[in-house]
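Chemist: Spelled out from the first residue to the last, the chains are:
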Amino acid sequence: MAAKTDLRRFTGFLPMTFVCLFLLYAPLIIVMVYSFNDSKSITNWGGLSLRWYEEVFWGVESAKFKAAALNSLSIAVVAAISATTIATMAATAMLRAGRFRGKSISFALINLPLMVPEIVTAVATLVFFSAIGFTTGYLTILLAHIVFCIPFAYLPIAARMQGIEDVYEQAAMDLYATRFETFRLILLPLMMPGIISGFLLAFIISLDDFIITNFVKGAGIETLPTAIFGSVKQGIKPNIMAISTLLLMVSVGFVTLSWLVGRMGQNKK
Amino acid sequence: MTDIAVDIIDLTKCYGDFVALKNVSLGIQDNEFFTLLGPSGCGKTTLLRTIAGFEDVSQGAIRLYGEDIAGLPPNKRPVNTVFQQYALFPHMNVTQNVMFGLLRLGQGDATARKRVTEVLELVQLTRFADRLPSQLSGGQQQRVALARALAPNPKVLLLDEPLSALDLKLRQAVRLELKQIQQDTGITFIFVTHDQEEALTMSDRIAVINDGQVQQVGTPREIYEAPQNKFVANFIGETNLIGVTVVDVSGGNATCTLPGGAQFTCPAAMGATAGPGHLSIRPERVAITAPETGVLQGVVARQVYLGTDMHIDITPTGGETITVRLQNSETTHIPGNGELVGLNFEAGSARLLVD
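Protein chains in written order, with the working numbering: chain A, 10 to 278; chain B, 148 to 502.
Only chain A is shown next, with the shape it has when bound in the complex (with noise of 0.2 Å):
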């Protein structure tokens, strides 16, 4: 029995909300129903084909969205470790070492870089790197990457270590477990649903970064979105929606396989 104060019961929410549900998502939809045209044109439809994704894997450009592919890969597996690892330890820190000296600006200087405009931050990394004399490549787009993603995977981190009480640490102690065994043992297992979701966002925030790629990749070497950009400056091609449906279809399985890990934690406990 819906209330009077039911939000369905308001004049103009249902229009209002599939206003909201098709400017989000109808682009998305046409960019992946277009991926499957047959026809050379974007806008016109020529039957349904593969062409596209043959193209994406076996044409002209196919060895450049390969390389581009692979950096955009490589870069985010080994920045979402690092940025794991790294906020794990953060975490760890903030919620297990008691009251220390620092502990809010630590706090607000982990996670201020979310609030940060992300221009700002490119701008700043890229004279930075220049500053030192740091010649702009794989290793600035990877230092800048690790660093950027520790935010995203320090949140699920610390909101799972904040749920678990320190008691079970406490009573593997007295169970002779010295300080490390203690964490490897009870605290890592119990913290690892809130690491691989981190782990998971810390990935997806990589693979799909443009701006501040963008400025430190420096030239002669392109991640995934760099290269879409770069080809899409020459005029859109169907090809490049076939690429494009391929990073969404990666992306969204990421995201929910992290959900999926989030709640299976949950039911656990």
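In short, the hints are calculated from the structure, not lab data.
Fair warning: there could be bad hints in the mix.
Result set (SDA-like, lysine to any residue): computed pairs, CA atoms no more than 20 Å apart in a straight line [said to hold, decoys possible]:
{"no.": "1", "chain 1": "A", "residue 1": "Lys226", "chain 2": "A", "residue 2": "Ala72"}
{"no.": "2", "chain 1": "B", "residue 1": "Lys326", "chain 2": "B", "residue 2": "Glu268"}
{"no.": "3", "chain 1": "A", "residue 1": "Lys226", "chain 2": "A", "residue 2": "Leu152"}
{"no.": "4", "chain 1": "B", "residue 1": "Lys302", "chain 2": "A", "residue 2": "Ala72"}
{"no.": "5", "chain 1": "A", "residue 1": "Lys75", "chain 2": "A", "residue 2": "Val259"}
{"no.": "6", "chain 1": "B", "residue 1": "Lys223", "chain 2": "A", "residue 2": "Lys226"}
{"no.": "7", "chain 1": "B", "residue 1": "Lys223", "chain 2": "A", "residue 2": "Arg193"}
{"no.": "8", "chain 1": "B", "residue 1": "Lys223", "chain 2": "A", "residue 2": "Leu194"}
{"no.": "9", "chain 1": "B", "residue 1": "Lys223", "chain 2": "A", "residue 2": "Val259"}
Starting from the structure of chain A, add chain B where the hints point.
Modeler: For chain B alone, coordinates are given in the frame of chain A:
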């Protein structure tokens, strides 16, 4: 002095300005069921945690069979704890939980497994060895916690209100079982509770703690029948506190003037002095008599029906209300409201307290 298991010497624990434990000294004997009893916030759990090693001490020493352990981390102390909320590792099954301590002590897998079987038999949980804690009832979890703490054969077992999360019926059953396990294993138990009944039924000795200080140490009988001060008399069971003027204290006895003027001589707690003071007398030890034969006279103010017993509240002349417990039987004469009655009690039933 090898018969002292845990010797706590002049222990003080402060949190900033707050003094949680003040000059606590206790000698807990080998193979003893020793209870720390007190209201919440009195410092009993803090004391237990300093023995376990979760809290450092501000001042004083803790000796375990003669060895000072105050500076050791929890994992270097041969004592184990049963936590109030059990703290079973949720990602490990019963066997893994119980085996945890054994493996950390460097025991081999086979030896550890044998010991796990032993202790699970002791707590009657053999059937549940492969379950996760979340698949067990509260009572079963409590047994796992006990088994896990007993498995490494600690010199002293610390129990932090382990029964408080169980329902009443189960709690009463587990009390007797715990006591039995203590006797069978011969391990010294230090048990923390705020439940006086729990303390009285299980303990060899009890330390009553209030405001971070030990109020009295003794057997359940001593604590109940010969309380040292007002706090102990009030906290353990019910009592009447009668304000008196103490004329003289000598040889363990006190002579005092009761409200209404009668002189009365009864045992006195150590350290009681002349001047204003309080007598403690249990409600079941007061008899209602004819007005002229009582040491006190008063008017019946109220009757409370309790099933097996009756409580009669009597306001004596010039004193505070005294409760008398009468057995509820057909032959007992129950005085009516407003009736003038006398109150009498044996000298041995009353006790002058340290204020």
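Chemist: Next step is simple, just say for each hint if it's right about the structure.
Modeler: Status of the hints after comparison with the structure:
Proposed proximity of Lys226 (chain A) and Ala72 (chain A) is supported: the alpha carbons are some 19 Å apart, at most 20 Å. For the hint pairing Lys326 (chain B) with Glu268 (chain B), the CA-to-CA distance comes to about 16 Å; that is within 20 Å, so the pair holds. Pair hint Lys226 (chain A) plus Leu152 (chain A) holds up; C-alpha atoms about 11 Å apart against a cutoff of 20 Å. Among the hinted pairs, Lys302 (chain B) with Ala72 (chain A) is inconsistent with the structure: their alpha-carbon atoms are about 70 Å apart, more than 20 Å.
Only pairs whose Cα atoms come within 20 Å are accepted, and Lys75 (chain A) paired with Val259 (chain A) is accepted, the gap being roughly 15 Å. For the hint pairing Lys223 (chain B) with Lys226 (chain A), the CA-to-CA distance comes to about 53 Å; that exceeds 20 Å, so the pair is violated. For a cut-off of 20 Å, the pair hint linking Lys223 (chain B) to Arg193 (chain A) stands: about 18 Å separates their Cα positions. Our distance criterion of 20 Å between C-alpha atoms is met by Lys223 (chain B) and Leu194 (chain A), whose separation comes to about 18 Å.
Our distance criterion of 20 Å between C-alpha atoms is broken by Lys223 (chain B) and Val259 (chain A), whose separation comes to about 49 Å.
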